[in-house]
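Protein chains in written order, with the working numbering: chain Y, 1 to 361; chain R, 1001 to 1283.
It should be emphasised that the hints constitute simulated quantities derived from the structure, not laboratory data. Note that the structure is predicted; figures quoted are calculated from it, not measured.
If you want a taste of the chain R side facing chain Y, the calculated C-beta under 10 Å gives, among others:
hint: 1; residue: L1030
hint: 2; residue: T1139
hint: 3; residue: T1146
hint: 4; residue: S1182
hint: 5; residue: I1203
hint: 6; residue: M1210
hint: 7; residue: P1222
hint: 8; residue: T1225
hint: 9; residue: H1227
Where is the CB? At the ideal position from N, CA and C, for every residue including glycine.
These are the residues of each chain, in order.
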Amino acid sequence: MNALFQQVYDFVEERIGLKTLEAKLMKEPIKGGSRWAYVFGSVLLFIFIMQAITGMLLMFYYIPSADHAYASTQFIIHEVDYGWYILSYHFWGSSAMVVMVFAHMSQVFLWGAYKKPREMVWLVGLALFGLVMAFGFTGYLLPWDQRAYWATTVGVEIMDKTPVIGDFLARFLKGGPTPGQMTLSRFFVIHVMILPGALMGLAGLHLFLFRSAGPAGPFRGTPDELKAKTDFFFPRQVWKDIMAMGVVFLIISTLALIEPVQLLEQATPDPGDYHPEPEWYFLFLFQLLRWKVFSGEFGQFLGAIAIPGLFMLLLVALPFIDRNPERNIFKRPIALLCWAVVMIGITVLTVSAILNREFLD
Amino acid sequence: MTPSPEKTPSVKLAWAVSWSAFWTGFPLKLIVALLLLAAGINPWEGGGLIALLLVSIPIDIWALGLTARTVFLERLGLDIDAPVGFTLWWQGAVLGGLVLGISYYAVSGAVDVGKKVAAGIIGLIKKVFPHFPIAEQITVELLLWTIPVTILALVLLLIWLKLFGWCIKRLIASSGTTSSASYFERVRQWDSARVPDDVGLMITSFGAAMVLVTIAFWMVLPVTTPHPHQDYQMPEVSKPAKPMKPEDALKKTENSLAKAEAILASLEDAKSKESKKPERKGK
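Bound conformation, chain Y alone:
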């Protein structure tokens, strides 16, 4: 058996240079050794692969038409063997992806890993962040229940406020005056074809740029300590990555079992008793827009487009504004304070939006 395996290995090695590939992938030195803080990128890749697998399984039964989307989703939940679990895993997996993107970006920010020579890694990472949010937004409509329909309506209305391209974007996505068959078709195509392709391409570029620039390493420790701890990617970092993936899989599965997907009524242009709101990760923005200061045409533009747009621009410009080579977050108090304010702000506004539901009835 070993001889046969060796023969197969030699055959492939002779043709594609497995040893070189293995050396490139596994023998990459990690300055300061393996760390749990480095697992977020690998975990994101794992979540994406799981989303792709569960998404493909769901597509065997899902019908992307306004007449059948709701019924086929109900069929998946109630009739297909383990369909409820696969759908719930896919649902919670999308939330896990958003959480993990925030965690990954936070780690890169706090560790100063966006600084020279890793500016391009940061920029491509920001584009990937946008894609993940777009995945969540387009996937939310597909079950075609009231929650899906109205979350999309709210989202498209926010998009509509973008100057110059907003009107075109909103009309293109909706494909009509109200969300309907064209909207569903377009969201479906974007969700299962355009975004996965774009994400795979950008994730590949992100990895290539990361490997070219090399890992930033810890921001603390003497050169002797870092040298003593320096290790190859395999086996210790691989082990940590696998463990983290396992934990994430367990958490998503647990959430899928505690709170499996349950649809509301089928989508209609009349919200009835349902109070429209977007997905939970856009709730902070939704709550912000309820503030008096952001009311009116200009206020809505300010809250929905100008402030988030400026924030994203600031993130894009960050590696070029912050040229100080110091990476230790405890020696960068402004950066630490800004990160804390943003995180607390998002948390407080999200909780406020949940509390606000009581006042809507």
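With chain Y held as given, fit chain R onto it using these hints.
Only chain R this time, still in chain Y's reference frame:
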């Protein structure tokens, strides 16, 4: 330069041990919780909770022992000649029980008082600004009571860490010996404690454990949703008709015919006997 245990702050030491121990034991506990959930048992109450807590005891002892030894070796250059996991587990559990008990009453009391105070302040603001919008009101009120409550919870956590740090320092003082190994050797030592050098063994055992857990999970996971939609019409499932076996059907018919024949024969027999009987003459 390795810092001495006396100079290392108790809170920092306790945090290093307990944070790592939490994440070391967490995946194993999560597997148990997941299996219970898949089997339809709630792991957060009743029997499920008891089972989870019981399983957590050996996991926590193992996790505390592993991470504490790693921290001692890495940060303090110390080897410990004592049952580290068990000692720290019971001391941490006693302290945890005490601080958690106090925290429960302190935090819930603070939440009640905080909410009342926040509502009072909002009332005052509304007197000055009668049209104080509801969205802003919710956020201001939330911040007013969550900030002091969060500070209180953090202080209680720090108290637990301080006390647990003292326990760790006492253990080090009684059983710690300075390691003669160089920093480089110690790095390899703690790496080996956490990740076995034998990669083949590691992958095989990990893979086997995963396969077992996966099989157990799929065996107990419900096939259809345990939470059906209230309006969803489950299709009526009619009992499938038994498939007809021609041989059996023939045999059955033959038996019925044979029975009928036998009955007919016995009836004819009885009739012929009756007709042969001599007629009784009347008186």
